[in-house]
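Visitor: If you want the building blocks of each chain, they are given just below.
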Amino acid sequence: MHIDRLEKKWAGISLGIAGLFVAIILGSALFHGIHAPSNVETIDSARLHLSEEFAEDNLGPQRNPDGSITVRMVAGRYGFYPKTMVLPAETSLTFRWVSLDVIHGVHIPMTNMSTMIVPGYVAQVNTVLHHTGDYPLLCNEYCGMGHAHMWSNLKVVSKAQWADMNNQGGATHE
Amino acid sequence: MNNAMEKKLALVHLWVAFGAFALAAVMGLYQVVERSGFFGFLESREVYYASVSTHGVLMGFVLTTFFIMGFGYYVATSSLKLPVWNKTFAWTGFWVALTGVVMAALPLLGGAASVLYTFYPPMKAHPMFYIGATLLVVGSWFWCVSMIVMHVQWKNANPGQPVPLAMFATTANAILWLWTSAGVAMEVLFQLIPWALGWVDTIDDGLARTLFAWTLHPIVYFWLIPTYTAFYCLVPKQAGGFLFSDEMARAAFILLVVFSLPIGFHHLYMDPEQSHGWKLLHGVGTFIVTLPTFITGFTVIASLEIAGRLNGGKGLFGWIAALPWTNPMVLAMVLGLLMLILGGFGGLINASYAMNAMVHNTAWVPGHFHLIFGGTTVIMYFGIAYYFWPVLSGKPLYCKSLALTQLWTWFIGMMIMTTPWHILGLLGQPRRIDSVNYNNLLTLSWEPYEAIMIFGGAVLLYSSGLLIYNLYKTQIGTETYQGEIEYAEPIHAPTDLPEYLNSFKVWNIVIAVFMLIAFGYPILQFFLMETFGSGRWGV
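Listed in order, the protein sequences are those of chains A and B.
For the first sequence, the residue numbers in our numbering are 1289 to 1462.
For the second sequence, the residue numbers in our numbering are -3 to 535.
Just so you know, these hints were derived from the structure itself, not from any lab.
Note that the coordinates shown come from a computational prediction; the quantities given were computed from them, not determined experimentally.
Cβ atoms here follow ideal geometry from the backbone N, Cα and C, with glycine treated the same way.
Each hint should be verified, as a subset may be incorrect.
Stated by the list, open to error - Output of the computed footprint for chain B on chain A, the stretches with three or more beta carbons under 8 Å from beta carbons of chain B:
1) 1312 to 1322
2) 1349 to 1363
3) 1371 to 1383
4) 1402 to 1416
To be verified - To list a few chain B residues with every Cβ distance to chain A over 12 Å, as calculated:
5) 56
6) 193
7) 275
8) 312
9) 330
10) 391
11) 397
12) 438
13) 445
Unchecked claim - Within a straight-line C-alpha distance of at most 27 Å, the following computed DSS-like cross-link-like pairs (lysine-lysine) qualify:
14) B:233 - A:1297
15) B:310 - B:391
16) B:233 - A:1296
Kindly produce the complete structure, drawing on both the sequences and the hints.
Guide: Take a look at the structure:
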C-alpha cells in the first residue's frame, strides 16, 4: 500500500482543523454552558388549556424570586401568544415554548433566541437580550398555509423601564 | 462485450432523472418570483407550497435516485466488464420506483401533499404521497442489491484483486443507502402510513423527527458519492492525467459511509426532544465527516495538478491554466470545487452546535444546500451526463460549446442566487415563506436581495434549458459515436491492498455499532417516557 508523504501531512492537518473546531465547541458547551434547547420534557399538546403552567393567565413574562424572568409562550396557527410582549434587556430570560397544534419554529432575528416547537414537548431556551428595540418573533418552520403570516411582536426596554412598568401595574403583555 | 441492454437501462434512468430536474427547475423560478411579492397577480400560497413540495421531491428524491441508479448500473458494467446482473430484476426496480414517483406526484401536483419533502407530521398529506415515496425507496433497494451482487461476483472471479475504484465507490453508495433509508422507512412504515390511513390516531412527533434525522444527513452523501466518483475516477483521465492516490480515495469513501450515518442530530440541534449529550456526540461526528472531504479536495486537486503539468503547465500556478478548461467534465469539477469551498464553509457554521442558533431555519439554510447540492453535486451530474450521453446513446454530443456555456451559467446563476439567500438568513428571514407580511421594518432590508435572487433563478432556468436541449439534440442526432467510459489510472497501482480497503464486511459491523450507540437510546427513550402523540392536521 502506498500513501504519499504529502497526503499523510494533509490528513494530519485536516484532523487538526476538525479537532480545533470540536475543541472550541465542546469548550463553549461544557465550560460556558452554551447549549441548544434540549430539555426533553413532554406535555399533552391537546390539553394545554387545562394544564397548570400554560393556562391563559400564566402566559407571558413572570418574575422569579432571583430576579430572572420566565416567559411562557404558546405557539399555534398562526401566532405566538401572547401576541405582544415587553421584556427587559440585560436580564436572564427562560423561554418555555409549547405548540397547540403542529410543528413550529421561532426565532428573534439578531439574537440567539431560536428553537423548534414540537407538539408533545416543551422547548426551553435560556438567553439574555442585550439591545432594546422592537423585534418580531417569526415562525421559521413550515406549519401550513398561513406560515408566512405567523409572527408576534416583542419590545425590549431597559431594565429600569421594565421595573417601572411592572410597579405601576402596567401590563407587560396583551 | 455487447452492453446495449445496459446502455438502454442506464439511459432510461438518466432521462427520468433529468426530466424531473427540468420540471423542478421551472418551479424553482416560479417560487423565487412568487415569494418576492413583486408580482401581485402571481401570489397564491396554495400553489406556492404545492410547488415547493414538488420541487423538493423532484430535485431531492427523483433526480438523485434515478441518476444514481442509472450511473451506478453503467459504472458497474463498464468498470467490472460484467453484464448487469439479472436485468429483469433491475427493470423491476425501475418500474417500482417510477410507479412510486407517479403515485406521489398526483397528490403533490393537486395540492393534497403540501407538507414539503421532509413530511412534517402532524400535518398530514394524502396517503398516496407516503406510499409513493416508499415505493421510490423500495425501487432503489433493487439497485442496491444489484450493485452488491455484482461487486461480489467480480470479487469471486478475481480473488485478492483490488475492486476497481469506481465500483468500490458505487458499492459503498449502495451500502450507505441501505443504512440511510432504514430511518425514514421506519418512520413511513410504522408511523406515517398507519396514521395517514387512520389505523392509529396519533403520531409521536419526537420519534418521527428522530427517525427522519437518521436519514437526513447521510442522504446528502448518497447524492454526493457519484460526484466524488467522477472527481476521482473520471476527471483525472479527462484532464489528461492520473489519479494521485487510489488508496486514499478508498479511505475517503469508507470514512464517508461510516461517519455520515451516526451524526444526524445536527438537524435536531434546535429540537426539544433530544438532550445535550446526544446532540454534542452527533456534533463531534459531524466534524469527523469533514475529513473525507478534506482528503478528497487534496487528492483530486493533486490529480488535476498532475494533468496540468503533463499538459505543459509550469510554475506554482501555471498548471491551472494548462488544464483543459474546454472539457465539460473538467470544467464541471473545477466549478463544483469552488462551490464546495464556499458551501463547505457555510456547512461548518451550521454544524457548530451553538452558532447554528443564529441561522437555524432561516433563509441561510436553503441558500446553503442549494449551493452545495444544487451547485457542487448537481453540476457534476451535468458533467457526467455530457460524458455519458454519447456513450449511452451512440451519438456524438450535439454541441460542446453549449455544454460549456451551460456549466458556466449554472455556476454564475447559483452564485447570484445563493449569496443573497445566505444574507437574507443573516437578516433574519425565515425559510419557506410564500410572502413577506411581517409588520416590521426589518423586512424592508430584505427586498433588494430578493430582487437579485430572481435574477439568479432566471439564469439557472436558462441553464437548465440548455442542458435538456443539448441532451435531447444529442439523442435524436443522426451521426454515430463509438466510445466507452475510460477510467483514470492511479500513479501507483494499488498492490497488496489490505482487505479492509477492498471490502465492506468489517465496516458494516462498525456502522452497526456506531448506529446502536448514536441512535439506540435516543430512539428507545420515546418508549420509556410518557409521550403524547398528535392527531391529524391539514395544511
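Visitor: Once the closest CB in chain A is found, is it more than 12 Å from residue 445 of chain B?
Guide: 14 Å, holds
Visitor: Does residue 391 of chain B sit within 27 Å of residue 310 of chain B, going by the straight-line distance between their CA atoms?
Guide: 37 Å, violated
Visitor: For the stretch 1312 to 1322 of chain A, do at least 3 residues have a Cβ located nearer than 8 Å to some Cβ of chain B?
Guide: n = 5 at 8 Å, threshold three: holds.
Visitor: With 12 Å as the threshold, tell me whether residue 56 of chain B passes as away from chain A on beta-carbon distances.
Guide: 15 Å, holds
Visitor: Taking 27 Å as the top limit, are the C-alpha atoms of residue 233 of chain B and residue 1296 of chain A close enough?
Guide: Status holds; Cα separation ~24 Å.
Visitor: Taking only the CA atoms, is the gap from residue 233 of chain B to residue 1297 of chain A under or equal to 27 Å?
Guide: 26 Å, holds
Visitor: Please settle this one: residue 397 of chain B was flagged as non-interface, so is its CB more than 12 Å from every CB on chain A?
Guide: 36 Å, holds
Visitor: Should the label of residue 438 of chain B as a non-interface residue stand, given a Cβ cut-off of 12 Å to chain A?
Guide: The assertion about residue 438 of chain B is violated, with a minimum of 6 Å to chain A.
Visitor: Would you check chain B against the stretch 1402 to 1416 of chain A, counting CB to CB pairs closer than 8 Å, and say if three or more residues qualify?
Guide: holds (count 11)
Visitor: Establish whether the coverage given for the stretch 1349 to 1363 of chain A by chain B is satisfied; the threshold is a Cβ-Cβ distance below 8 Å, and no fewer than three residues must meet it.
Guide: Since three or more residues must qualify, the claim that chain B covers the stretch 1349 to 1363 of chain A is violated, with 0 doing so at under 8 Å.
Visitor: Would the least Cβ to Cβ distance between residue 391 of chain B and chain A come out above 12 Å?
Guide: 40 Å, holds
Visitor: Minimum C-beta separation from residue 330 of chain B to chain A exceeding 12 Å: can you confirm that?
Guide: 20 Å, holds
Checked against the numbered hints listed earlier, the structure breaks hints 2, 3, 7, 12 and 15; every other hint is satisfied.
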